[in-house]
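Okay, here's what each chain looks like letter by letter:
2 protein chains.
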Amino acid sequence: MLLSIEPDGPVPIYQQIRDRIVEAIARGRQPAGSALPPIRQLAVDLGVNFHTVNKGYDLLRQEGLLRLGRKSGAVVRRDAGSGPPDPGWTQDWTGRLRTLLAEAAAQGMSATDIVAECEAAIADFAFPAVAAEA
Amino acid sequence: MLLSIEPDGPVPIYQQIRDRIVEAIARGRQPAGSALPPIRQLAVDLGVNFHTVNKGYDLLRQEGLLRLGRKSGAVVRRDAGSGPPDPGWTQDWTGRLRTLLAEAAAQGMSATDIVAECEAAIADFAFPAVAAEA
DNA sequence: CATTAGTTCTATAATGTATAGAACAGATAA
DNA sequence: TTATCTGTTCTATACATTATAGAACTAATG
Numbered sequence: 001m002l003l004s005i006e007p008d009g010p011v012p013i014y015q016q017i018r019d020r021i022v023e024a025i026a027r028g029r030q031p032a033g034s035a036l037p038p039i040r041q042l043a044v045d046l047g048v049n050f051h052t053v054n055k056g057y058d059l060l061r062q063e064g065l066l067r068l069g070r071k072s073g074a075v076v077r078r079d080a081g082s083g084p085p086d087p088g089w090t091q092d093w094t095g096r097l098r099t100l101l102a103e104a105a106a107q108g109m110s111a112t113d114i115v116a117e118c119e120a121a122i123a124d125f126a127f128p129a130v131a132a133e134a
Numbered sequence: 001m002l003l004s005i006e007p008d009g010p011v012p013i014y015q016q017i018r019d020r021i022v023e024a025i026a027r028g029r030q031p032a033g034s035a036l037p038p039i040r041q042l043a044v045d046l047g048v049n050f051h052t053v054n055k056g057y058d059l060l061r062q063e064g065l066l067r068l069g070r071k072s073g074a075v076v077r078r079d080a081g082s083g084p085p086d087p088g089w090t091q092d093w094t095g096r097l098r099t100l101l102a103e104a105a106a107q108g109m110s111a112t113d114i115v116a117e118c119e120a121a122i123a124d125f126a127f128p129a130v131a132a133e134a
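In order, the protein sequences belong to chains A and B. Sequential numbering from 1 applies to the first sequence in the working numbering. Sequential numbering from 1 applies to the second sequence in the working numbering.
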C-alpha cells in the first residue's frame, strides 16, 4: 500500500494524502520524475471520493512539489536534490517550525531531546550525496 | 501587546491565540503560575468575540498547559521546567514533527540547514538551568 | 477515434469557525 | 448580604470548509 489514511481522524483526508506524499518524497521513495497513482485509482484504493484526492494533489501542485498533466498524470516535480527552496516558503515554514518546537518546550521536553527527535526524523530522509564527504 | 493576531489569515483565530501563548510559555515570558488576561479582556484587546478566546484557552487546558478557574482566571500550568511530557502526547508530536521536517527536505532544504533552523528556534526558548553544565 | 487522466461545474450534507446574546456558577471584596 | 469578577454553558445565526456525488469537458496518447 502506497498510502494509509485515517478517515475518522481530526486531520482532513486531503491533508493526510498530501502529508503522506510529502513524506514519501522526503524519504526518497518518490524521487523527482516518479509518477503517482492516477486520481481516480488512488481514490478507489483509499475508499474516498476522487475529488478528495484531487484536492490533495492540487495542494502539492500549489506547493511546487507536483506537476499535473492531462495524460502524463501526477509526477513529482521536486525532491531533496532539486535546489534550495523559495524564500517566501522558508519564512512561512520557519514560523510553523517555531510553533511546533515551542509546543515541545512548553510540554517539558528538554532541548537535547527535541534536537534528538529532529535528527532522528532527518535520518530517515534521502538527501543527495554531497561532493565533499571525507 | 501580549498577542498579535492575523484575522484574515488561513489559520483560525482561536488556533493563533493558542499558538502565541504556547510560544510565550516556551520563551519564558509566561512561566508556570503566571496569569493570562481574562477571556473577555483579551477578546476586547484583540477585537474578537470572547467565545473565540475561550476556545483557544480551552484548547490549552485540554493540552494540560493552562488551569482555568472561576475567579483565579487563566493560569499557566506547565512550562519547560515542569517535568517530562505525556508519552501519548510525545508520539503525536513526533508524527507532526516528521511531517513538517519532511516538507523541508522535499522542498530542497539541506539536512544541515534544517538542523540549524531547529537549533535557532530552540535558542529562543527558556529551558531550566541544568545542574551539570561544565 | 477511443482511451486515459486531469479539470471544471453544479449540488448536497455534514462539520468547523466566528459571532452574538443570555444566563449560570463559584470566588472574592465591599 | 450584596456586588463584582471570572470562567462555563446554552441557544442561535452566518459563513467557510470538508467530503461526497454526478456530469461534462480538455488535452495527450495509442
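In short, the hints are calculated from the structure, not lab data. Source: prediction; values computed, not measured. Beta carbons are placed, not taken as given, at the ideal position from N, Cα and C, and that holds for glycine. Fair warning: there could be bad hints in the mix.
To be verified - Quick list of in silico lysine to any residue cross-link-like pairs, SDA-like style, CA-CA up to 20 Å:
#1 B:LYS71 - B:GLN15
#2 A:LYS55 - B:THR99
#3 B:LYS55 - B:LEU68
#4 B:LYS55 - B:GLY28
#5 B:LYS55 - A:ARG78
#6 B:LYS71 - B:THR99
#7 B:LYS55 - B:GLU119
#8 A:LYS55 - B:PRO84
#9 A:LYS55 - B:ILE39
#10 B:LYS71 - B:TRP93
#11 B:LYS55 - B:THR99
#12 B:LYS71 - B:ALA32
#13 B:LYS55 - A:ASP45
#14 B:LYS55 - A:LYS55
#15 B:LYS55 - B:ILE39
#16 A:LYS55 - A:ASP45
#17 A:LYS71 - A:GLY108
#18 B:LYS55 - B:ARG77
As the list claims (entries may be wrong) - Chain B residues, not near chain A, derived (Cβ > 12 Å throughout):
#19 ASP8
#20 ARG18
#21 ILE21
#22 ALA26
#23 ILE39
#24 ASN49
#25 GLY73
#26 PRO85
#27 GLY95
#28 THR99
#29 ALA105
#30 CYS118
What the hints assert, rightly or not - Derived, one-sided and incomplete: chain A residues facing chain B with beta-carbon distance under 10 Å:
#31 ASP8
#32 GLU23
#33 VAL44
#34 ASP45
#35 ASN49
#36 THR52
#37 ARG67
#38 LYS71
#39 SER72
#40 GLY81
**Study point:** Structure versus earlier hints - violations, ascending order
**Key:** 1, 4, 5, 6, 7, 8, 9, 10, 11, 13, 14, 17, 20, 21, 22, 26, 27, 28, 29, 30, 31, 33, 34, 35, 36, 37, 38 and 39
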